[in-house]
Amino acid sequence: MTKTRSLTGEDGFAARDWLVIALVNLMWGLNIVAAKMAVDTISPMTAGFLRQAMVALACLPWLRFVPGRMAMVLAFSLASGALMFIPLNLALATASNMSALSVAGQLTAPFSVILSVIFLHERIHMPRIIGLCMAFAGVVLIGFDPAMAHEAAALVLVALSSLALACGSLAVRKLADVPVATLYAWLGLIGAVVLGLTGLIVEREAMAGIATLPASAFGWVAFSALGSSLVGHGGLAWLLQRHPVGVVMPYTLIAPVLSVIVSAIMFDAPVTGIMLLGGTIVLAGVAIVTIRTAARGTLAEELS
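Heads up, the sequence shown is in my numbering, so the first residue is 1 and it goes up one at a time.
Treat the hints as calculated values from the structure; they're not laboratory data. All residues carry an ideal CB built from backbone N, CA and C; glycine is no exception. Incorrect hints may have been included.
As the list claims (entries may be wrong) - Cβ pair distances, simulated, as ranges:
# : residue 1 : residue 2 : range
1 : 177       : 272       : 45 to 51 Å
2 : 67        : 137       : 43 to 49 Å
3 : 18        : 123       : 29 to 35 Å
4 : 284       : 68        : 42 to 48 Å
Could you put the whole structure together from the sequences, leaning on the hints where they help?
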């Protein structure tokens, strides 16, 4: 695979990569509103089913079997298309402070790095380890905020969702030569099947009432499906095919900053001193990671 080149001529993020990561963060930062409104208007599993069904329909022209790679494709689709959304949507349905959930969702980054070191044998050095630990510690600090005591169950659910997404990020690293649209056609299909069946079991009334939903409900779901799933997660998958997990994932910690701001405005979510401190620690960790990565001219690894 051709290495990605930066504007300075060093191996690393090129201008196109920076644009993609900016769009990923923008879509995820704004998606907190759409996801919360969809879950509240519809129901957790049914909203997830509709979201993944829209993704599958949008990517249907690219749906095809990938000879010799279907096990990994299905693993990615199951982790990122279903196992991620079951706990996430339950958390959205039960929580009131979306700002806290947005920051807690960034546990994907440390989970991804830990898993990549264990299973992909990626090498990271002390400065980035410190930066990632700071980011993780900042999220944990928010969890200990007394104002978040009633959100404990939702925070645990978000952590499980983050772990599932981290597993999906590892799987996609082994699918570098598979078009992202094909991956997301399968993700949407598998996600729709799993979430649809789950919805039929636990939300039969909501599933039966899909045809009577207001247009606004479909609008919220469409933003999540097209903006967050296709542009956001699809863009992330595209980046992970070209760069190490430990390099890409820390940049996604920008998204919770946008989510906190949007949540505070749209849902009147309280932003406490502890939350601000935790968020500052997260951003400091990201700064260490990004500065050290740029200074070292990190190579975009070739995938075997």
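Hint check results:
no.: 1; hint: 177 <-> 272: 45 to 51 Å; result: holds (47 Å)
no.: 2; hint: 67 <-> 137: 43 to 49 Å; result: holds (44 Å)
no.: 3; hint: 18 <-> 123: 29 to 35 Å; result: violated (24 Å)
no.: 4; hint: 284 <-> 68: 42 to 48 Å; result: holds (44 Å)
When each numbered hint is compared with the structure, a violation occurs for hint 3 only.
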